[in-house]
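Enquirer: Taken in order, these protein sequences are the chains called W and B. Everything in the first sequence is counted per this note's numbering, starting at 1 for the first residue and increasing by one. Everything in the second sequence is counted per this note's numbering, starting at 245 for the first residue and increasing by one.
No lab work stands behind these hints, which were simulated from the structure alone. A virtual CB, placed ideally from N, CA and C, is assigned to each residue, including glycine. There's no promise every hint is true.
[As the list claims (entries may be wrong)] Heads up, simulated DSBU-like pairs for lysine-lysine below, C-alpha to C-alpha not over 35 Å straight-line:
1. Lys39/W with Lys557/B
2. Lys215/W with Lys333/B
3. Lys251/B with Lys333/B
4. Lys98/W with Lys557/B
5. Lys497/B with Lys233/W
6. Lys201/W with Lys325/B
7. Lys518/B with Lys197/W
[Said to hold, decoys possible] Some chain W residues close to chain B (C-beta under 8 Å, calculated; not the full set):
8. Ser38
9. Lys39
10. Gln42
11. Tyr46
12. Ala49
13. Gly52
14. Pro55
15. Lys98
16. Ala103
17. Tyr127
18. Pro136
19. Thr154
20. Gly158
21. Met160
22. Phe188
23. Met225
Here are the chains, one letter per residue:
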Amino acid sequence: MALYFLSGKGGVGKTHLSTSLSMHLAKAGRKTLLVEFSKFAQFSEYFTAEVGFEPFKLKENLHVSSWTGLDCLDEYAAKILRSKHAANLFFKVPLMRKLSKVAPGLKEVAVLGKITSDYRESEFETYFDDIVFDCPASGHFLSMMRVPESLRLTVGAGPMMRQCESIMAAVMSHPEVYFALIEDGARFAEIELKETKADLKKILGEKKITTIKNKSEAFPDSPSMSWLSSAEKMSDCWVGFKWK
Amino acid sequence: MEVDKLKRTHFFIGTGGVGKTTLASIFAMKLAKENPESKIKLVTIDPSNRLRSFFNIDDNKNEIQVDNLQVNLNDRSALLKDFVIRAAKRKKVDPELIFSNKLFSTLMDGLAVSQEFSSLYELCSSHKSGKFDFVVIDTPPLQNTSDFLKSSEILEDFFSSTLAKFFLSQDKQGLLFKVVNSARRTSLKVLASLTGSDFVDELAYFFKVVEVLRIDLLKILNLSQDILKNEASVYTVCNANELSLCGLRVALKNLSTNELNLEKCIINQFDPAKVNIRTQGKINDLKKTFPDLEYVQVPYLKNELSEYKDLVKCLDDVKFE
Chain W
1 MALYFLSGKG
11 GVGKTHLSTS
21 LSMHLAKAGR
31 KTLLVEFSKF
41 AQFSEYFTAE
51 VGFEPFKLKE
61 NLHVSSWTGL
71 DCLDEYAAKI
81 LRSKHAANLF
91 FKVPLMRKLS
101 KVAPGLKEVA
111 VLGKITSDYR
121 ESEFETYFDD
131 IVFDCPASGH
141 FLSMMRVPES
151 LRLTVGAGPM
161 MRQCESIMAA
171 VMSHPEVYFA
181 LIEDGARFAE
191 IELKETKADL
201 KKILGEKKIT
211 TIKNKSEAFP
221 DSPSMSWLSS
231 AEKMSDCWVG
241 FKWK
Chain B
245 MEVDKLKRTH
255 FFIGTGGVGK
265 TTLASIFAMK
275 LAKENPESKI
285 KLVTIDPSNR
295 LRSFFNIDDN
305 KNEIQVDNLQ
315 VNLNDRSALL
325 KDFVIRAAKR
335 KKVDPELIFS
345 NKLFSTLMDG
355 LAVSQEFSSL
365 YELCSSHKSG
375 KFDFVVIDTP
385 PLQNTSDFLK
395 SSEILEDFFS
405 STLAKFFLSQ
415 DKQGLLFKVV
425 NSARRTSLKV
435 LASLTGSDFV
445 DELAYFFKVV
455 EVLRIDLLKI
465 LNLSQDILKN
475 EASVYTVCNA
485 NELSLCGLRV
495 ALKNLSTNEL
505 NLEKCIINQF
515 DPAKVNIRTQ
525 GKINDLKKTF
535 PDLEYVQVPY
545 LKNELSEYKD
555 LVKCLDDVKF
565 E
């Protein structure tokens, strides 16, 4: 399974490029999942469909999902506790529900844990060949990526620490985990990309980070088309694309 | 530009890359130009390179005065730190005790709530100082506009006393712990098995820390809600493209009526020659679904704005009505 993280400054075309990449992978016969992670899901609005936690089939080989931190936490709890009942005991208590909403870092770890679970726990193999993660914009993305390491340093021994360690190990060293930062040629998007890249390097160490220039020769803009048709058109731009 | 003189604070919110900083700057410059007798303040929280470049502010400075316009750059962690120190002092607690909580110090900065809170804190401080006739606040980029519109709910959840009480009660190993009902005790055990008991301890400490801040936090929340309802105008900014408009729609859907004094929805970079049918459809759709809001279309500005003189040139092109 390959995993793609795409981020960049707001408005540079993250969703656009993530969608076109997913379409490209799907066309190449890979079972692909396109995911957004947000408290307030936008995919339903983007795709004019009821997109939720469970994958929604958009077309042949291509599913989309909106994950909230709470969904991922529920699932993680059920896995770790090996029983839905025990998980319910925890999550259905209103106070705990409230706590899991606000406790620092839990949701970020849950979502990163879920997305990397294929690499970490062989028994939970996913149905998909590829997952494309339409990440939050630069600042929010960096905050999310920093959580496992911060928590690892904070919580001390225990299941949480092991989770954080295994997430970071998967993300940093698995050869099929790819990171891309996007800019669109605007001066400030370029500056922000450089800064984000430097910060991301501090988190990911040796991991290679690919940069993509949107609205360029390689990924031309088609402003007169609907966004979904233009993403479809753009999917061919990924043929032969070189990931670092 | 007509501005209600009673609305002293103007608040710009939106996701990244929609032109929030640029529009807030233009708005403040217009206010300053049209009201030469008034004192105007423009504050940006988590300043982007763009703002420094606009006002030519050195890297080691965070303030500049341009005639009757004062421009301030604040970052979120400095605002939070300032708040914690003040709140701790009022409670006669050493602020270092708060900063020493590992969860607080390592994660508070990255927490989503810290963005919303820093904006509200700045709002209250600027308001209380009373030195300015108008204050324009450019908020940090949101992941979704809904984050801000729902922020008081999220913040109240975050700082609700029940959470702190819960952890405080299990902190005392004696009698009180025994009366914590069994469902809660089970939940705690489950939490510990999920995360490790060190995490639970650290979390308990975290909420104790938050308890010290709670009263001051609630004060800020109440005051800022008051200001936002009665004396402020809130502008949401999005771009004239399908995805950005979808985002605004999600935000407005999440917002129940009367929650905020949402003055205007600004649809930025609107180019009548280039706008496609789908985008126009989305705009019409928004207007139909939320007919009570006022929509402003800001034209697409051909040249990329990077310096003060670029802003001055386009002052007349950008209208907020």
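Enquirer: Now tell me if each hint is right for this structure.
Expert: Hint check:
1. Lys39/W with Lys557/B: violated, 39 Å
2. Lys215/W with Lys333/B: violated, 52 Å
3. Lys251/B with Lys333/B: Answer holds: Lys251/B to Lys333/B is near 32 Å, not above 35 Å.
4. Lys98/W with Lys557/B: This hinted pair is violated, its Cα atoms lying about 50 Å apart.
5. Lys497/B with Lys233/W: holds, 31 Å
6. Lys201/W with Lys325/B: Within the cut-off at roughly 27 Å; holds.
7. Lys518/B with Lys197/W: Holds. Lys518/B to Lys197/W sits at ~33 Å (cutoff 35 Å).
8. Ser38: Constraint on Ser38/W satisfied, holds at 6 Å.
9. Lys39: holds, 7 Å
10. Gln42: holds, 5 Å
11. Tyr46: OK, holds: Tyr46/W within 8 Å of chain B, min 5 Å.
12. Ala49: violated, 12 Å
13. Gly52: Because about 14 Å separates Gly52/W from the closest Cβ in chain B, which is outside the 8 Å limit, the hint is violated.
14. Pro55: Pro55/W check fails; min Cβ-Cβ to chain B is 20 Å, beyond 8 Å.
15. Lys98: Given a least distance of 6 Å, the restraint on Lys98/W holds.
16. Ala103: holds, 6 Å
17. Tyr127: At about 25 Å, which exceeds the 8 Å cut-off, the nearest Cβ of chain B leaves the hint on Tyr127/W violated.
18. Pro136: This hint holds: Pro136/W lies near chain B, its Cβ roughly 5 Å from the closest one there, short of 8 Å.
19. Thr154: holds, 4 Å
20. Gly158: holds, 2 Å
21. Met160: OK, holds: Met160/W within 8 Å of chain B, min 4 Å.
22. Phe188: holds, 5 Å
23. Met225: Status holds, d = 7 Å.
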